[in-house]
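Protein chains in written order, with the working numbering: chain P, 103 to 371; chain E, 103 to 371.
Fair warning: there could be bad hints in the mix.
For identical chains, the list gives no copy identity; a pair is met inside one copy or between any two copies.
Claimed, not checked - Derived DSSO-like pairs: lysine-lysine, alpha-carbon spacing no greater than 30 Å straight-line:
id, residue 1, residue 2
1, 114, 302
2, 170, 351
3, 364, 112
4, 351, 137
5, 364, 249
6, 335, 268
7, 323, 350
8, 350, 229
9, 114, 364
10, 217, 350
11, 364, 246
12, 302, 365
13, 198, 246
14, 257, 335
15, 114, 365
16, 178, 217
17, 350, 197
18, 364, 229
19, 351, 323
20, 197, 239
21, 302, 351
None of these hints come from the bench; they were simulated from the model.
Chain residues, written in single-letter form:
Number of protein chains: 2
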Amino acid sequence: MGGSLALAIKEKYPRVSVWGFARKESTFRKLSRLKLLDRVERDLAGLVRDSDIVIMALPVYSVIEYFKKIAPHLKKGAIVTDIGSSKALIETAAKKTLPAYVHFVGSHPLCGSEKNGAEFARATLYKNTLCVITSSKKDIGAQKIKKIWTALGVKVIFVPSVLHDKLLSLFSHLPHMVSFALTSSVSPGRLLPIIPASFKELTRISGSSAEVWADIFLSNKRNILHDTAQFIKNIQVFQRAIQVGDRKKIIRYIGRVNRAHKKLIHYYS
Amino acid sequence: MGGSLALAIKEKYPRVSVWGFARKESTFRKLSRLKLLDRVERDLAGLVRDSDIVIMALPVYSVIEYFKKIAPHLKKGAIVTDIGSSKALIETAAKKTLPAYVHFVGSHPLCGSEKNGAEFARATLYKNTLCVITSSKKDIGAQKIKKIWTALGVKVIFVPSVLHDKLLSLFSHLPHMVSFALTSSVSPGRLLPIIPASFKELTRISGSSAEVWADIFLSNKRNILHDTAQFIKNIQVFQRAIQVGDRKKIIRYIGRVNRAHKKLIHYYS
Numbered sequence: 103m104g105g106s107l108a109l110a111i112k113e114k115y116p117r118v119s120v121w122g123f124a125r126k127e128s129t130f131r132k133l134s135r136l137k138l139l140d141r142v143e144r145d146l147a148g149l150v151r152d153s154d155i156v157i158m159a160l161p162v163y164s165v166i167e168y169f170k171k172i173a174p175h176l177k178k179g180a181i182v183t184d185i186g187s188s189k190a191l192i193e194t195a196a197k198k199t200l201p202a203y204v205h206f207v208g209s210h211p212l213c214g215s216e217k218n219g220a221e222f223a224r225a226t227l228y229k230n231t232l233c234v235i236t237s238s239k240k241d242i243g244a245q246k247i248k249k250i251w252t253a254l255g256v257k258v259i260f261v262p263s264v265l266h267d268k269l270l271s272l273f274s275h276l277p278h279m280v281s282f283a284l285t286s287s288v289s290p291g292r293l294l295p296i297i298p299a300s301f302k303e304l305t306r307i308s309g310s311s312a313e314v315w316a317d318i319f320l321s322n323k324r325n326i327l328h329d330t331a332q333f334i335k336n337i338q339v340f341q342r343a344i345q346v347g348d349r350k351k352i353i354r355y356i357g358r359v360n361r362a363h364k365k366l367i368h369y370y371s
Numbered sequence: 103m104g105g106s107l108a109l110a111i112k113e114k115y116p117r118v119s120v121w122g123f124a125r126k127e128s129t130f131r132k133l134s135r136l137k138l139l140d141r142v143e144r145d146l147a148g149l150v151r152d153s154d155i156v157i158m159a160l161p162v163y164s165v166i167e168y169f170k171k172i173a174p175h176l177k178k179g180a181i182v183t184d185i186g187s188s189k190a191l192i193e194t195a196a197k198k199t200l201p202a203y204v205h206f207v208g209s210h211p212l213c214g215s216e217k218n219g220a221e222f223a224r225a226t227l228y229k230n231t232l233c234v235i236t237s238s239k240k241d242i243g244a245q246k247i248k249k250i251w252t253a254l255g256v257k258v259i260f261v262p263s264v265l266h267d268k269l270l271s272l273f274s275h276l277p278h279m280v281s282f283a284l285t286s287s288v289s290p291g292r293l294l295p296i297i298p299a300s301f302k303e304l305t306r307i308s309g310s311s312a313e314v315w316a317d318i319f320l321s322n323k324r325n326i327l328h329d330t331a332q333f334i335k336n337i338q339v340f341q342r343a344i345q346v347g348d349r350k351k352i353i354r355y356i357g358r359v360n361r362a363h364k365k366l367i368h369y370y371s
């Protein structure tokens, strides 16, 4: 996500200098080799001191951890943003940890890839996608970040962090849990020589990063547990109807789902 | 499925006469208007009497019901095949109902579309897909049906019906149930203006036909109930780890899923 964003910014703003922080020596070497960035640093303080905008492309709890590390070094008036998938916890941590003289803006671009690492970066990842900004529309930092996303071809909407986390639980976090559990259901040795397209589609995102998703699930715990419980109840209605052979009930259920699906299609990206 | 197959056969075998049966007057008019077929009939007996190969593109229990209707009219040496998604029940019914002087061949092409009706027919639907034949490789009817599928660009494998139903439960029937339940989890009014690609992928098949899928679930009941129970257990392991905040366990779980997904990729169509 970070690598693709660097490429997209560089393409749109060729005169802006895009820098990257590498915690590990191996990442430093990889980032230097890939030449995505104008400057790669292992010295976080030095990098942050020189930055007008700091973009944190990290798992949720790492964002919160790094707030503490960067707080003492941030410039007055700097903008700090993140691209994490759950927002309320990050927002609370930012308020608590970052100095009052910087602007924190919560961003969540609704795109991604199941492939992780700067070597998979591509400038087009964000094009024609949606980004939710959870900070106030009135904040000048939020306006600046909106302007950048818009320049990258991203549609921006403002949604408060608490509502964001509810919506994303349903439309992204639950689907990821479902996809992980579905792949996990396949025991090796019981395979078809060609797996149907539907199974492929439902399990694509089960290749997503364990660290990133553990943090998302834990940081949006209440919504996810609520939605998962509801999802299991929906499956159980199905199970019981199959168990007792209630064909009419199954047809009514799928009929309702078909109509809901028809409405959803209009919102698909 | 039936309309697309008619188009594909017509394209590959232009001299073969492809006929269709229409139960309802409205379907008769639609099929006549669409001109997919060389002959459209409302008289089943007359149509079957003249047919060398009868292909039943119907929901599972309708296939079984129509076995009884066509049985008295079938030619000696005729081949009867179906394209249903569960096979053991159909096979048993065929043995019981069809005369000994015809060849029954169970076929299941692993493709499809969430759009139903002859108006969505396309000759390319089957190209580069897999078809499972559940009848014996030695049967001359099965060899003939294999030849036709192969000519249409479909890879054929022979799998006994009982194993077929186990595999399909996991790779197709469970994913459909999951997709139906996921769409069903979305309450109207709680929507994002653009729904992420992952949600779209996981819910595409929730537009699938209620009649077709009710029959699949009921005719493969034992396998589906088993796999659904296992799937729910997998989700519950997740739920509990989130509940107690066991980050390491979640990471181990997703890590295992990631490795399984990497192996599955090689089998994707």
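Hint check results:
Taking CA atoms no more than 30 Å apart as the test, residue 114 paired with residue 302 passes between copies only; the shortest distance there is 29 Å, against 34 Å inside one copy. In this assembly of identical chains, residue 170 and residue 351 lie within 30 Å of each other by CA distance solely across copies; the values are 26 Å between and 55 Å within a copy. Taking identical chains as interchangeable, the C-alpha atoms of residue 364 and residue 112 are never at most 30 Å apart, the minima being 39 Å within one chain and 32 Å between chains. Proximity of residue 351 and residue 137 under a CA criterion of 30 Å is satisfied in neither setting, with 58 Å inside one chain copy and 36 Å between copies.
For the identical chains of this complex, residue 364 and residue 249 are neighbours neither inside a copy (33 Å) nor across copies (38 Å), given an alpha-carbon limit of 30 Å. For a Cα distance limit of 30 Å, the shortest separation of residue 335 from residue 268 qualifies both inside one copy, at 18 Å, and across copies, at 24 Å. When the C-alpha separation of residue 323 and residue 350 is checked against a cutoff of 30 Å, the pair qualifies only between copies, where the shortest distance is 15 Å, while the shortest distance within a copy is 36 Å. For the identical chains of this complex, residue 350 and residue 229 are neighbours neither inside a copy (44 Å) nor across copies (34 Å), given an alpha-carbon limit of 30 Å.
Proximity of residue 114 and residue 364 under a CA criterion of 30 Å is satisfied in neither setting, with 37 Å inside one chain copy and 34 Å between copies. In this assembly of identical chains, residue 217 and residue 350 lie within 30 Å of each other by CA distance solely across copies; the values are 21 Å between and 43 Å within a copy. For the homomeric pair residue 364 and residue 246, neither the shortest alpha-carbon distance inside one copy (37 Å) nor that between copies (40 Å) is at most 30 Å. In the homo-oligomer, the alpha carbons of residue 302 and residue 365 lie at most 30 Å apart both inside one protomer (24 Å) and across protomers (12 Å), since each shortest distance falls under that limit.
In this assembly of identical chains, the alpha carbons of residue 198 and residue 246 lie at most 30 Å apart only when taken from the same copy (22 Å versus 73 Å across copies). In this homomeric assembly, residue 257 and residue 335 never come within 30 Å of each other (Cα to Cα): the closest approach is 35 Å inside a single copy and 39 Å across copies. In the homo-oligomer, the alpha carbons of residue 114 and residue 365 never lie at most 30 Å apart, since the shortest distance is 35 Å inside one protomer and 38 Å across protomers. Taking the closest pair of Cα atoms, residue 178 and residue 217 never come within 30 Å of each other, the shortest separation being 36 Å inside a single copy and 57 Å across copies.
Proximity of residue 350 and residue 197 under a CA criterion of 30 Å is satisfied inter-copy only: 28 Å between copies versus 54 Å inside one chain copy. In the homo-oligomer, the alpha carbons of residue 364 and residue 229 lie at most 30 Å apart both inside one protomer (25 Å) and across protomers (27 Å), since each shortest distance falls under that limit. Proximity of residue 351 and residue 323 under a CA criterion of 30 Å is satisfied inter-copy only: 15 Å between copies versus 33 Å inside one chain copy. Only within a single protomer do residue 197 and residue 239 lie at most 30 Å apart by alpha-carbon distance; the minimum there is 17 Å, versus 69 Å between protomers.
In this assembly of identical chains, residue 302 and residue 351 lie within 30 Å of each other by CA distance both inside one copy and across copies; the values are 29 Å within and 25 Å between.
When each numbered hint is compared with the structure, violations occur for hints 3, 4, 5, 8, 9, 11, 14, 15, 16.
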